[in-house]
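Top line first, the protein sequences correspond to chains A and B. Under this note's numbering, the letters of the first sequence match residues 1 to 95, in that order. Under this note's numbering, the letters of the second sequence match residues 1 to 726, in that order.
Don't take every hint at face value.
[Said to hold, decoys possible] Which chain A residues face chain B? A few, computed with CB under 10 Å, are given here:
no.: 1; residue: A41
no.: 2; residue: G54
no.: 3; residue: D61
no.: 4; residue: A82
no.: 5; residue: T89
In case anyone wonders, no lab produced these hints; they're calculated from the structure. Ideal Cβ placement from N, Cα and C applies to all residues, glycine included.
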Amino acid sequence: LCVAAQLPMYADIAMKIVLPECLQLVYMLLVGTFPFNGFLAGFLSSLGFFTLTGCLRLQIDPANSKEMSVSPERAFADYCFANLVLHLTVWNYIG
Amino acid sequence: MQASSSPAKEHGMLGKALQYATLTSICVLSFSIRLFSVVKYESVIHEFDPYFNYRVTQFLTTQGFYDMWNWFDDRTWYPLGRGIGGTTYPGLIFTAGSIYRVLHALNIPIHIQEVCVFTAPLFSALCALACYGLVREVRGTGAGMLASAFVGMVPSYISRSVAGSYDNEGVAIFALVNVFFLFVKTLNTGSLAWATTLVLGYLYMVMSWGGYSFVINLLPIYCLACIFTGRLSPRLYIAFAPLVVMGTLVAASIPVIGFNAVLMSEHFGAFLAFVVLHAAMLVRYVHSMLPPRALRVVLASLLTLTSAVLAAGLAAVAGYVLNSPTYGWTGRSLSLLDPTYASRFIPIIASVSEHQPPSWTFYIMDLFVLVVFVPAGLVACLKKRSDASVFLVLYGVTALYFSGVMVRLMLVLAPISCCLAAVAISDLLYACANSIKHRAQKRMEEATHKLEALGSPKPPSWQPLPKLVSVAAVLGVLGMLGLFVFHCIHASADMYSSPSIVLVTQQRNGMKYVFDDFREAYSWLRHNTHPDAKIASWWDYGYQTSAMSNRTVLVDNNTWNNTHIATVGRAMSSSEYKGWKIYRSLDVDYVLVVFGGAVGYPSDDINKFLWMVRIGGGVYPDIVESDYLAGGTDYRVDAAGTKTMHSSLMYRLCYHEFADESQMSSGQRGLDRVRGTVIGKTNIKLQYFEEAFTSQHWMMRIYRVRDAPVRTPSKTAKNLKAKAKA
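Turn these sequences into a full structure, and let the hints steer you where they fit.
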């Protein structure tokens, strides 16, 4: 799969995570902040995932390749590692 | 892609080997220069705060991680207690605990005290390496090695990380420079792996020190500066955006910060910069996709929409922030932003000597030659601009401001002044060395008539300096660096190596005389009092009493409850009867005072007494400061002192039976060597307290709180006579 063709896919994934994120925020505002750690877990995990996907898309964009020092394969591996750390941290907040 | 343009190239294996050898010797140097106190005195923990950290580390190694995390300490702040897990920054303690565990797993049985004493020098060596990495990203390996050598030796950093100074700053400065190094590395490479390492480094910084708020506010300032000066790039997004989200997550998982990570104004800057960064990236994306006319329309509508959303968000935040009396900032942060805040509202923060603004002598003493090179470094960073050098400039300017507010924050200025000075000196030396090389080449050309063989290695606009000037400059710089080394060693050996728990003076025959009164008194308390005895003293000595005597104290250096401290201050300032009533109501068994008048120790409780009055008077209006000052303005302990001063509990406890002792030692009855006067009341008789212990040089005095007052013999004799007559 050519790298340039993957770009709209990543943008799509990133946008798709924003909707549940906003829903969580609205829910918190309506229902109250009681298990605040639960709210933080949900909100920040979606926000983090959106940010990391955005980073990956920026890294593999051929227009940016002269600035980046990482190959697209390495970029994807880094993305997996970053997501692992993100979700381990989020897991700490659940319950 | 490296954004630096270093003219020096590594010449293969020899160059690399030389680099590693130099870095190793810099690490060994920075470790060894901090060992003067161990060599001159002994391997002991210094000052006050490190004793608390030592006590918690002991608890961690004996009871384990979960018990320490959930520990509620009922032996401090007597009736209130203190939740240790939720009020300490655990980074230092976990670090020392882990080193201890690793060493014991390798069958090296080192006592936990030794591990604690040597943690700070070890981390100073690591800080030198982190500084090398940071400056190498800016200017190349030469400047990097200069910076790491400076950081290893700069007196300001030595002062807070000598062997024995087991305090947060020992590891926190390493964590600070490490975070900045990882940030600049991520900025230069644009790799998410480095970004994740940056988040983990930020976690360590948050765990170690309250100064993490400097980091989480400097990085957004840098991000905004980049956006508004046209340095926006995908690498900036990769460096900053994951840090904000994951950094907030990891910061909120440390109990001492908890939900403050999203609720306190200290973090709002990061969120604002996050939003602005996304808006700027969106503008950039749209810019690359649309033709100019449509672009203008879209940009206009986008900017309107964003500013509307931003305005609404800011209004909500402003409403939230203005609701709180401190605008959402914690008291300590406000005292940094507004230098006059503490003196008006929080006398405890204002009373600490290391919270005063520094004078020029502090700058010269702590930074010496670097003071001259820091402005040159700022100019050098701005002339050959890159993302990383702009970061150094911003860090330098903010650190300069904060160091001007508090002496304690000179420590934050130390690494950046080393980095900027290294950049400046490195550029200077390159310019001079290249001039010499160019002139030598030209001379060789002329000598062998090979005018066309050597092409010019430099662009035609570069003029080599005259040979005399460049040689003189190189020698001058090397001379200054030599002076710097001498100064650092002198500062470390003579000024910053004293463990304040032990005092040393030179006798007339050249021998050293040691005053070990503090440990004598704490040891007496440990061995001669009931394990549940409660000790009252001024808050300075709380941590040491808890750690060395293992007894319950009323107030300690954490100073989290101002009213409790004011109660102790009120007890010390009131008359003997009133002080006795207050102490009885708090179940106090022993009162401890520090008195330096017999030997001339200036930091004793009589000199701190006015602060006790002020802090007590801040909460209890019956303590009025002017009552203790002769004529309303003069602080005196001699006969001209006020009656309230002479009858205060602190006065009576300090000078009880002092007149007889001073007559024996100095020939004059009641000569107080620190104040330099004869005291006002020389025959003090205590009715409600009984002297339990006085140390060898009268520096620590411990009194037992009586259950009932002494019956005065004159009254009893009069009563018996009256009864006999009747």
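Against the structure, the hints:
1. Of the supplied interface hints, the one on A/A41 holds, with its beta-carbon coming within about 8 Å of a beta-carbon of chain B, less than 10 Å.
2. For A/G54, the shortest C-beta to C-beta distance to chain B is roughly 7 Å, which falls under 10 Å, so the interface hint holds.
3. Residue-level restraint check for A/D61 holds (minimum Cβ-Cβ distance to chain B is 8 Å; threshold 10 Å).
4. Contact between A/A82 and chain B, as hinted, is supported at the beta carbon level, the nearest pair being about 5 Å apart and thus within 10 Å.
5. Of the supplied interface hints, the one on A/T89 holds, with its beta-carbon coming within about 5 Å of a beta-carbon of chain B, less than 10 Å.
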